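Residue numbers (the numbering used here), protein chains in the order written: chain A, 79 to 579; chain B, 79 to 579.
Errors might be hidden in some of the hints.
Any copy will do: because identical chains look the same in the list, a pair fits if it lies in one copy or spans two.
To be verified - Below, computed lysine-lysine pairings styled on DSS-like, alpha-carbon distance capped at 30 Å:
| no. | residue 1 | residue 2 |
| --- | --- | --- |
| 1 | 248 | 219 |
| 2 | 290 | 188 |
| 3 | 337 | 290 |
| 4 | 160 | 112 |
| 5 | 134 | 496 |
| 6 | 134 | 466 |
| 7 | 219 | 251 |
| 8 | 219 | 232 |
Simulated from the structure, these hints should not be mistaken for lab results. Remember, it's a predicted structure, so these values are computed and weren't measured experimentally.
Protein chains: 2
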Amino acid sequence: MFPYKTSFQLLRNLNTPLYLQLSNQFIELIKSHKIPPETKLPSSRSLSELLGVHRKTVVACYDELMLQGWVDSIPKKGTYVKASLPILTQQEFLEEDSVLSNEANFKFSKNENFNKKRVNTDESWVLVDDGISDVRLTPLKDIARTYRRLCDRKRTIKSLSYGETFGSGKLRKVLASYLNKTRGLQYTEENILITRGSQMGIFLASKLLLEKDDIIVVGETNYIAADVTFSERTDRILRVPVDEDGIKTDDLEQLCKRKQIKAVYVTSHHHHPTTVTLSAERRIHLLNLAKEYRFAIVEDDYDYDFNYNHAPILPLASHDTQGNVVYIGSICKTVAPVFRIGYLIGPKDFVEEASRVRRYVDRQGDALLELTFADFIESGDLDRHIKKTLKTYQQRRDFFCEQFQQELCDYFEFDIPKGGMAVWVKLKSPYTWKEVSEVAKKYKLELGEWQRYDVSRTGHNAIRIGFASKNEEEIEELVMCFKKTFQEISLKTSSVKSFVR
Amino acid sequence: MFPYKTSFQLLRNLNTPLYLQLSNQFIELIKSHKIPPETKLPSSRSLSELLGVHRKTVVACYDELMLQGWVDSIPKKGTYVKASLPILTQQEFLEEDSVLSNEANFKFSKNENFNKKRVNTDESWVLVDDGISDVRLTPLKDIARTYRRLCDRKRTIKSLSYGETFGSGKLRKVLASYLNKTRGLQYTEENILITRGSQMGIFLASKLLLEKDDIIVVGETNYIAADVTFSERTDRILRVPVDEDGIKTDDLEQLCKRKQIKAVYVTSHHHHPTTVTLSAERRIHLLNLAKEYRFAIVEDDYDYDFNYNHAPILPLASHDTQGNVVYIGSICKTVAPVFRIGYLIGPKDFVEEASRVRRYVDRQGDALLELTFADFIESGDLDRHIKKTLKTYQQRRDFFCEQFQQELCDYFEFDIPKGGMAVWVKLKSPYTWKEVSEVAKKYKLELGEWQRYDVSRTGHNAIRIGFASKNEEEIEELVMCFKKTFQEISLKTSSVKSFVR
Numbered sequence: 079m080f081p082y083k084t085s086f087q088l089l090r091n092l093n094t095p096l097y098l099q100l101s102n103q104f105i106e107l108i109k110s111h112k113i114p115p116e117t118k119l120p121s122s123r124s125l126s127e128l129l130g131v132h133r134k135t136v137v138a139c140y141d142e143l144m145l146q147g148w149v150d151s152i153p154k155k156g157t158y159v160k161a162s163l164p165i166l167t168q169q170e171f172l173e174e175d176s177v178l179s180n181e182a183n184f185k186f187s188k189n190e191n192f193n194k195k196r197v198n199t200d201e202s203w204v205l206v207d208d209g210i211s212d213v214r215l216t217p218l219k220d221i222a223r224t225y226r227r228l229c230d231r232k233r234t235i236k237s238l239s240y241g242e243t244f245g246s247g248k249l250r251k252v253l254a255s256y257l258n259k260t261r262g263l264q265y266t267e268e269n270i271l272i273t274r275g276s277q278m279g280i281f282l283a284s285k286l287l288l289e290k291d292d293i294i295v296v297g298e299t300n301y302i303a304a305d306v307t308f309s310e311r312t313d314r315i316l317r318v319p320v321d322e323d324g325i326k327t328d329d330l331e332q333l334c335k336r337k338q339i340k341a342v343y344v345t346s347h348h349h350h351p352t353t354v355t356l357s358a359e360r361r362i363h364l365l366n367l368a369k370e371y372r373f374a375i376v377e378d379d380y381d382y383d384f385n386y387n388h389a390p391i392l393p394l395a396s397h398d399t400q401g402n403v404v405y406i407g408s409i410c411k412t413v414a415p416v417f418r419i420g421y422l423i424g425p426k427d428f429v430e431e432a433s434r435v436r437r438y439v440d441r442q443g444d445a446l447l448e449l450t451f452a453d454f455i456e457s458g459d460l461d462r463h464i465k466k467t468l469k470t471y472q473q474r475r476d477f478f479c480e481q482f483q484q485e486l487c488d489y490f491e492f493d494i495p496k497g498g499m500a501v502w503v504k505l506k507s508p509y510t511w512k513e514v515s516e517v518a519k520k521y522k523l524e525l526g527e528w529q530r531y532d533v534s535r536t537g538h539n540a541i542r543i544g545f546a547s548k549n550e551e552e553i554e555e556l557v558m559c560f561k562k563t564f565q566e567i568s569l570k571t572s573s574v575k576s577f578v579r
Numbered sequence: 079m080f081p082y083k084t085s086f087q088l089l090r091n092l093n094t095p096l097y098l099q100l101s102n103q104f105i106e107l108i109k110s111h112k113i114p115p116e117t118k119l120p121s122s123r124s125l126s127e128l129l130g131v132h133r134k135t136v137v138a139c140y141d142e143l144m145l146q147g148w149v150d151s152i153p154k155k156g157t158y159v160k161a162s163l164p165i166l167t168q169q170e171f172l173e174e175d176s177v178l179s180n181e182a183n184f185k186f187s188k189n190e191n192f193n194k195k196r197v198n199t200d201e202s203w204v205l206v207d208d209g210i211s212d213v214r215l216t217p218l219k220d221i222a223r224t225y226r227r228l229c230d231r232k233r234t235i236k237s238l239s240y241g242e243t244f245g246s247g248k249l250r251k252v253l254a255s256y257l258n259k260t261r262g263l264q265y266t267e268e269n270i271l272i273t274r275g276s277q278m279g280i281f282l283a284s285k286l287l288l289e290k291d292d293i294i295v296v297g298e299t300n301y302i303a304a305d306v307t308f309s310e311r312t313d314r315i316l317r318v319p320v321d322e323d324g325i326k327t328d329d330l331e332q333l334c335k336r337k338q339i340k341a342v343y344v345t346s347h348h349h350h351p352t353t354v355t356l357s358a359e360r361r362i363h364l365l366n367l368a369k370e371y372r373f374a375i376v377e378d379d380y381d382y383d384f385n386y387n388h389a390p391i392l393p394l395a396s397h398d399t400q401g402n403v404v405y406i407g408s409i410c411k412t413v414a415p416v417f418r419i420g421y422l423i424g425p426k427d428f429v430e431e432a433s434r435v436r437r438y439v440d441r442q443g444d445a446l447l448e449l450t451f452a453d454f455i456e457s458g459d460l461d462r463h464i465k466k467t468l469k470t471y472q473q474r475r476d477f478f479c480e481q482f483q484q485e486l487c488d489y490f491e492f493d494i495p496k497g498g499m500a501v502w503v504k505l506k507s508p509y510t511w512k513e514v515s516e517v518a519k520k521y522k523l524e525l526g527e528w529q530r531y532d533v534s535r536t537g538h539n540a541i542r543i544g545f546a547s548k549n550e551e552e553i554e555e556l557v558m559c560f561k562k563t564f565q566e567i568s569l570k571t572s573s574v575k576s577f578v579r
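So that you can see chain A by itself, here it is in the shape it has in the complex (with noise of 0.2 Å):
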């Protein structure tokens, strides 16, 4: 007979019943065929003696065993292990314990443009970011008052369950009413999909926008992330300049002539990744060029909100009375990127397909969260901390440039952004940013990833440096670790040169 009495161990303080850990235990034996198909199994009376428990236990086991369908209970005969199941075939040079799951038993596509290089986040490093927002102004309390205040509404109970996929309707009202008013736009909630963030807006649109083969023109540097998504529709992403004006559109002209354009990717308001602005010029330009050729072109106003020398300029979908641009923007970058709440915006027809698009990717965004921070917005909070935060980042801005400018214009140039939370940061020669990333490392300073920047390696040498989630003194900080690093690389090539005279 099996050896019943020694094969289960059962434990009385766990929580998990009696009856359930030896139906477990028999599924294991019985799948492994240690307990053979066709075995009668020892009657309830006398399995509860050899193991010492209730007659009870073995009976809700027995009866469990049978509802999941491993044995079958025979009236007057007794209870037997199932003559048909197969046995579940193991490879037989496993160990016991070894770690099953590192690896995948099937095929799965892989993208070698996904970025795997994962950058030091250690608390004790100083990181250089690419432009993001200093979370510690997160006005993270008033947020989650208003959170809490909405879960005490009783009304708030119908939007627990499923709801629309364009997002909450109160959201999509406050949004239309909101950006119209500062944007100079002219939308209503119809033509408003809320998303979680601008990457999922860019990632709808390259979705219904590019079909293999289809072209979209972006600038010659651009924001690595839209590439990326975009070079997962289709492989012909192509670049046109970007000088201090923005991306150049006489180029975009050219192409239009020659090629069928599907859309073109526009970071207008602070070119990403080298904070230029398009000019008023060449936005007509691109205006025309889009309604008189089709093409979409895809606005990603990723820091509409931060402008310091004067107003915002407004968004070429302010213009837009075609129904050539979709508006993609988010409000992670203002308050903080924990907050998953972005908008895509334009023409009804391709907002509700977009809707159905994101249906199937992510049902439904937090209606919780979105009634939230359409109160947020409607109570002008949201108003108040952006003049706030404005307030410190320009001062931001204006120290790190002053700081970078006297400490390390030997080794960097650059223009004073007009905007954003970023500078574009050139390397002089005869400097690389490989060697100088390596270098910081000694210095605890952590340049994250420089390489995305230069993609079709143009040899700009540049890269982003983020000011606006540092304070004063973390920017301090920041210009020491470049210093050191420097000058023990200058050392490192005068005690070369030395060496070589």
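Fit chain B to the given chain A structure using the hints.
Leaving out everything else, chain B in the frame of chain A:
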């Protein structure tokens, strides 16, 4: 001279400062060439007199126009509209106030598979759902309290910035331990990607597993949203029959011998839509086939928690020793759909790639909500909630089945489901759902998307009717609506019959 005096509308009680109102209106006039390129603008003194505003306002406006690139200021000569500005072309026939943003002026793809039917969601109507939870049972206050307490903690600030695409490390750890304990799995947190819910899991798995022309196998009745998701990737969705023991794995084996299968999608716990459970025998058979033919099993365990007759049946993933199973689930059904937290679990290499794809869809999840639910699970609140709702849903299932049997047995037949939130209800001949759904409208009964259950047109004549979301009173109301509907149909039929006689 241009009629400056009558061309501007300045309102002192707006949020927008006067100088910005003025410059925005200037931009409109310049864009449309109403003030043509090279026009000399009036001096600030004369314009301020013309408009009755302070001279400083005009100076600020001209500065703004210059900074934005619309005008040039030439020392000692004055302010001129830029020479090179192209005119923004407008279609002549457009009325001033027509809505311009209904139709895109570019092409984009539309997927005919995406359901476009709008379902009546009027609250005075009785809605048939396909098995959703009752959001009135959501422990919303507890969750909101946890959320707010979390926001009050200082170290929460770190979680506000960009984070891991995999999701909160804390939640991954808590989930691994919770799922291992409750579902017999053997995963570590590195096998877990936090998603926005099951749908995102299906989307990501589909994206990674299926290239054009790859074969995925599903049940002959199948969860429609999964079908649509797969159809976005491949045209080759093959179907095997489903009986009372779930999908027929013998048929699958025949398929495997003839064709290369990339993946099999199963809702093994309760087959969607028919609610049957995959038998133990077929579970082992399916796993053995996956090993032998090296395909992925995408196991969508959407309502594991809801079993009324016996303990939940352990998922296929709990028997997966070779890395063949991709396990998908969520708390959306268990707690409330608004809390968009789910998981995709599988071999490490697969999960890593899935997180890379997810980055370009949605960057990352909501760390605050993820931490909230880590707390909710760890504290035992989730278990308590499940216990409580399980009892309620069981009572509702029993009441629903009793009522339907008593009152509607002339029209419907069904088996009592062992778990889940819905009954698979077959309409008796000669009735058709089309007629029923139309007549039902008279009695304010909305049958929803009943067409979607018979995708491969087998004529099974059944739909899912959810019971979990309705209390006894509401179930009675539902029964009453159906009764009236059938009475009217019968009356019509008999009057036709008597007319024919």
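Consistency of the hints with the structure:
1. Proximity of residue 248 and residue 219 under a CA criterion of 30 Å is satisfied in both settings, with 22 Å inside one chain copy and 22 Å between copies.
2. Taking the closest pair of Cα atoms, residue 290 and residue 188 come within 30 Å of each other both inside a single copy (18 Å) and across two copies (15 Å).
3. Within a single copy, residue 337 and residue 290 get their C-alpha atoms as close as 15 Å, and across copies as close as 27 Å, so both meet the 30 Å cut-off.
4. For a Cα distance limit of 30 Å, the shortest separation of residue 160 from residue 112 inside one copy, 13 Å, qualifies, whereas the shortest one across copies, 88 Å, does not.
5. For the homomeric pair residue 134 and residue 496, the shortest alpha-carbon distance between copies (22 Å) is at most 30 Å, but the shortest distance inside one copy (78 Å) is not.
6. For the identical chains of this complex, residue 134 and residue 466 are inter-copy neighbours only, at 25 Å across copies versus 69 Å inside a copy, given an alpha-carbon limit of 30 Å.
7. In this assembly of identical chains, the alpha carbons of residue 219 and residue 251 lie at most 30 Å apart whether taken from the same copy (25 Å) or from different copies (27 Å).
8. When the C-alpha separation of residue 219 and residue 232 is checked against a cutoff of 30 Å, the pair qualifies both within a copy, at 22 Å, and between copies, at 11 Å.
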